[in-house]
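**Q** Dock chain B against the given chain A, drawing on the hints supplied.
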Amino acid sequence: MLNIGDANYGTFDDDNPYATEGMLNHVRRERFYLILPRVMQEHEVDMWIHVIRPWSWGGTDPLRYEFGSKSGVFFFTDRGGDGIERVVFEGEVQDPGAYDLVGEESRFISQQDYELMDYWIENPDSDLESELDLRFLGLGDFVAERDPKRIAVNYVESLSLAEGSETFTMALGDGISYTDYVQLSKALGEKYAERMVSAEHLILDYLSRRVASEVVLYGAARASGGEGRRFGKIVPGVTTLGDLGVRSVVDKDGNERGGDDYVIQRGDLIGDWQGKAYVLRKGETELPSYFQRFQEDNRKVRDILRKNIKVGLTAGETCDLLARKLEEAGFIYTEYQEYNKYVEHPEKTQVHLDLHAEGKGILAPRISPMGPKWHWNMKIQLFHTFAVEYMIYVPVPEWDRGNNFTGQQLSDAYHDGGVVTARGMEIPYPDQSQRIEIIQ
Amino acid sequence: MSKLRNLPALLCVLILPQGLSSQLPEPSASRELMKLIRNEKFEVILPQVMRDNQIDMWIHMKGGEDPLDFELGEVPGAYIFTDRGGDRIERAVFGGRGDEELYDIFGAKTEIAQFVSERDPNRIALNYSQENPGFNTISDTDRTQLLEALGEAYRERVVPADRLIADFLAGRGMAEIALYGRLLMTSSEIIDGEFDKIVPGVTTLKDLSGNVFVRDLDGNEENNTDYVIQPGDLIGLLEGANVMDFSEHNGGIAYVLREGETGLPPEIQSIWEHALKTREIFRQNISAGRTGAETLETLIGKLEEAGYVYIDEDRYDPEADPVKTQVHIDFHGLGRIVSQEEAPRISPSGWGRDLNIPLYHTFALEYMIHMPVPAWGKGKHLYICLHDGAMVTERGLEFPAPPAQEIRVIR
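Line by line, the protein sequences give chains A and B. Be aware that the first sequence starts at 1, since it is given in the numbering used here, and climbs by one per residue. Be aware that the second sequence starts at 1, since it is given in the numbering used here, and climbs by one per residue.
With the rest of the complex left out, here is chain A (with noise of 0.2 Å):
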């Protein structure tokens, strides 16, 4: 199916190689296998019905890579055994093998101009109040001949749809909208329209949980990565930050200096994400204290993590967990992604996270201050993959002169990879790299 492109994520991305249509379909087989049963079962879910309305491209549907589809109206029916049957109608499917049924149970349920048109020849004396009666002709025999007792439907009735710092890519929508959720209720009937719960949890647990296959391509998406940056010859006093290509240095007073003619000098660190390197100063034969000490922290920030994140928590719970584990290893746990100069202890480090969802959206734990409520309650689930973003800050006093304004502090943002299994968490793929090159 084409233009299928923009509902895969992330790591699911084309810019990823692995990300093949193949590779993805299987994916989304795996999911409908391994997970779709375990969800419905344990949000006692018998019937799952999922609306896309047509003509919106999909829109910001949460789950149509999920489902391969930009539009149709999906059935997943827990009919006992291993398997949920799973039906598409009106629904172009990229993956037509992933379902038992993809079909139209009327033809007339996408609405469109000749569908309407054959409609009226077909049935010159029907008494139809509206061609929306058409929506979901068909429909409430499908649903009364498995008789479900609890029918999710994609509708929210008390996540909030909050959209800010990482959800660009897949916010929580608000679903079906509300002429198809009446049309579908007078299509259902009155006894099965009653059985109708919000599937919001459903579709939450369902995005949150990945499968052995997703981390495989969330690992191919930087497994080249980690290298760093090699400086080269850098002759302080004569090589410019133009030359090479950098944008800023930090210099020995803890100020940042910038501009292509800016002249490398001794007590520089230059570089970003992509590397760094630190110029010595006269006498000097390694990296300053600080800049150790910087290295320390960060080390012992990194094993807190690995050590404490672990399936089954809530992703409040882990945070609340990482916090108490930071304190108690000296640090100051900080909500705000900024060096806070008026804390009781300004001489400890400072440490921020936001180990948010990655590969596939943030609809899923996030161990972090930010974003809604639900995403703290949501439990980290087997191959849970995620960001390791964290923000260090480390107070400097020999800096005194800097004009850093929040206050004489080395900082870092770091944005590796993470999975969690039943080991804790594991690296998927090389970190972006910390070491820092000694310019002679």
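Hints listed in this document are in silico derivations from the structure and should not be mistaken for laboratory results. One or more of the hints may lead you astray.
In silico DSSO-like pairs for lysine-lysine, Cα to Cα no more than 27 Å straight-line [claimed, not checked]:
#, chain 1, residue 1, chain 2, residue 2
1, B, Lys35, A, Lys300
2, A, Lys307, B, Lys35
3, B, Lys206, A, Lys310
4, A, Lys379, A, Lys310
5, B, Lys206, B, Lys380
**A** Frame of chain A; chain B shown alone:
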């Protein structure tokens, strides 16, 4: 028995340049990725396998070539891992060199005895084996000198490290799983490319790369010979992909249409349906924690309940029920060349049968279907071999990359 009869021959195939028409990138192994995989094995696999095997200290005396070259590094020396409590295992190298970011302690061999006594381990695993010569890697000289240096108190605490080593090699971190999945995709792409080359009546089996085979209705096999592929043939093709020490091989099946056929004939469709039905039995009944032998017994029971005949060898049994389809199993380790044979194995043969299947075990779901077709005569049967890369998780069996989806039609 495994279709992997001739490992050296297959390895030669594996290291050949991959197809130039590849759409997937050439599998690569950056220094950073290899270092990450090594470190992850130390971080997440080593503590688990040492505790599973009740080992407090593992001494690996490395001389020449060794199954642990990738994990430990190729430099000779004494590699000593000590469980001192906590989440991490202490890593030390004596008399050799190692990556300073991976190892904590470096010293001379003369310091080993004191190092050991300071840690006072109750059980010390040493790299020798009474069961598996592949893991008997310590030299006589090293062993004699080490045991003498350790003294009587610690000498008596030394046990073989073979099972520990097998478990360590079989353990997979997530970076390794991701690489495994990429290699599986690459080999599937190569297999497709080989099938694209077939011209019925012209192409011979040996014109194709990989392990290519056709069996007639009596079970006689042509394997990488100058046999010319004919309409009506069911062709099996195993081909691999590798990068450094990481390797896997996958399987594909193709059918050559006869004149007048437009799709798979009913018998061929039927054997494929048996492949899917048995795959489902395997998916439902493989889990971590049991040995390969125990798992095989379970699978045999489930196969027989479902109306199949299990066979210990990959050969049609003419004495079995003539209408029942026969199934042979050889789910061997996959992902690393070194741990293909010496890893947990769900199979009637192999040392690894008695090893526990760990979580995230990567293996070949290799099984063979022999389907009798009584209408064609007594003993006449069709044969296919399935060979897909799989992995054991908490949920059972998962496929990190797409398994064979169909019998490919060649016109």
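**Q** So, for every hint listed, does it hold in this structure?
**A** Structure-based check of each hint:
With a C-alpha separation of about 20 Å, the suggested pairing of B/Lys35 with A/Lys300 holds against the 27 Å cut-off. Distance check on the hinted pair: A/Lys307 and B/Lys35 sit about 20 Å apart at the alpha-carbon level, within 27 Å; holds. Under the criterion of a C-alpha separation no larger than 27 Å, the hint pairing B/Lys206 with A/Lys310 is inconsistent with the structure, at around 51 Å. Between A/Lys379 and A/Lys310 the CA atoms are separated by roughly 10 Å; this keeps the pair inside 27 Å, and the hint holds.
At roughly 26 Å between alpha-carbon atoms, B/Lys206 and B/Lys380 fall within 27 Å of each other, so this suggested pair holds.
The structure fails to meet hint 3 from the earlier list, while all remaining hints are met.
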